[in-house]
Structures are given as structure tokens and as C-alpha cells.
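Chemist: Given these sequences and hints, build the entire structure.
Letter 61 of the sequence shown, counting from 1, is numbered 44 in our numbering, and no numbers are missing.
Note that these hints are calculated values from the structure, not bench results.
Only a predicted model underlies this, so the values are computations on that prediction, with no experimental measurement involved.
Note that the Cβ used here is the ideal one computed from N, Cα and C, for glycine as well.
Some hints could be false.
Claimed, not checked - Quick list of simulated restraints, FRET-style, between CB atoms: (1) Ser(-4) with Lys33: 14 to 22 Å; (2) Leu32 with Ser(-2): 27 to 35 Å; (3) Asn44 with Ser(-4): 15 to 23 Å; (4) Ile4 with Arg40: 18 to 26 Å; (5) Asn43 with Phe11: 12 to 20 Å; (6) Asn44 with Arg1: 13 to 21 Å; (7) Ile4 with Val37: 16 to 24 Å; (8) Lys33 with Glu(-3): 17 to 25 Å; (9) Ile4 with Asn44: 17 to 25 Å; (10) Leu32 with Glu(-3): 17 to 25 Å; (11) Ser(-4) with Leu32: 25 to 33 Å.
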Amino acid sequence: MLQVSKSESCKGSESERRDEIRYRVILFLSLQFVKRKTAASGECEDRLLKMSIVTRRARNNET
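Modeler: Dropping the structure here:
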């Protein structure tokens, strides 16, 4: 689930840590939504992978 190790939490500025936590929460909730919506159709794994790629690209474009 969402876990931040002690070493990770000590890196970067406060706003960077907050952004990372926000990103992880949004990704987790998005994946849960996609998993629920696609579980019956059998396309769950493909959509989860695509969602994580799209989310990662969006995050990289913000910086």
C-alpha cells in the first residue's frame, strides 16, 4: 500500500515531500478506481499499466 520509508521522508524539501505524497495518493486511488471498473472485463492488468504510465508522464511534465 502507501508506505514511505524513513530515508525517503528525510529527502528533499517539504513541498517536494508533499507533492510526492499527493502523487502516491492520487495514483493509488486512480488504480483502485480502474481496478474496480475493469475487473469484470478481464482487462484489469493492461489498464492499470497504462494508467500508471500516463500518471507518471503527467507527473514528469509538471516538473
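Chemist: Each hint: holds or not?
Modeler: Comparing the hints with the structure gives:
1. Ser(-4) with Lys33: 14 to 22 Å: Violated: the Cβ-Cβ distance is about 31 Å, outside 14 to 22 Å.
2. Leu32 with Ser(-2): 27 to 35 Å: Holds, since Leu32 and Ser(-2) (Cβ atoms, about 29 Å apart) stay within the stated range.
3. Asn44 with Ser(-4): 15 to 23 Å: Cβ of Asn44 to Cβ of Ser(-4): about 20 Å, so the range 15 to 23 Å holds.
4. Ile4 with Arg40: 18 to 26 Å: holds, 19 Å
5. Asn43 with Phe11: 12 to 20 Å: 18 Å Cβ-Cβ, so the 12 to 20 Å window holds.
6. Asn44 with Arg1: 13 to 21 Å: holds, 19 Å
7. Ile4 with Val37: 16 to 24 Å: Once the Cβ atoms are compared, 20 Å apart, the range 16 to 24 Å for Val37 and Ile4 holds.
8. Lys33 with Glu(-3): 17 to 25 Å: violated, 32 Å
9. Ile4 with Asn44: 17 to 25 Å: Holds: the Cβ-Cβ distance is about 19 Å, inside 17 to 25 Å.
10. Leu32 with Glu(-3): 17 to 25 Å: For Glu(-3) against Leu32, whose Cβ atoms are near 32 Å apart, the range 17 to 25 Å is violated.
11. Ser(-4) with Leu32: 25 to 33 Å: holds, 31 Å
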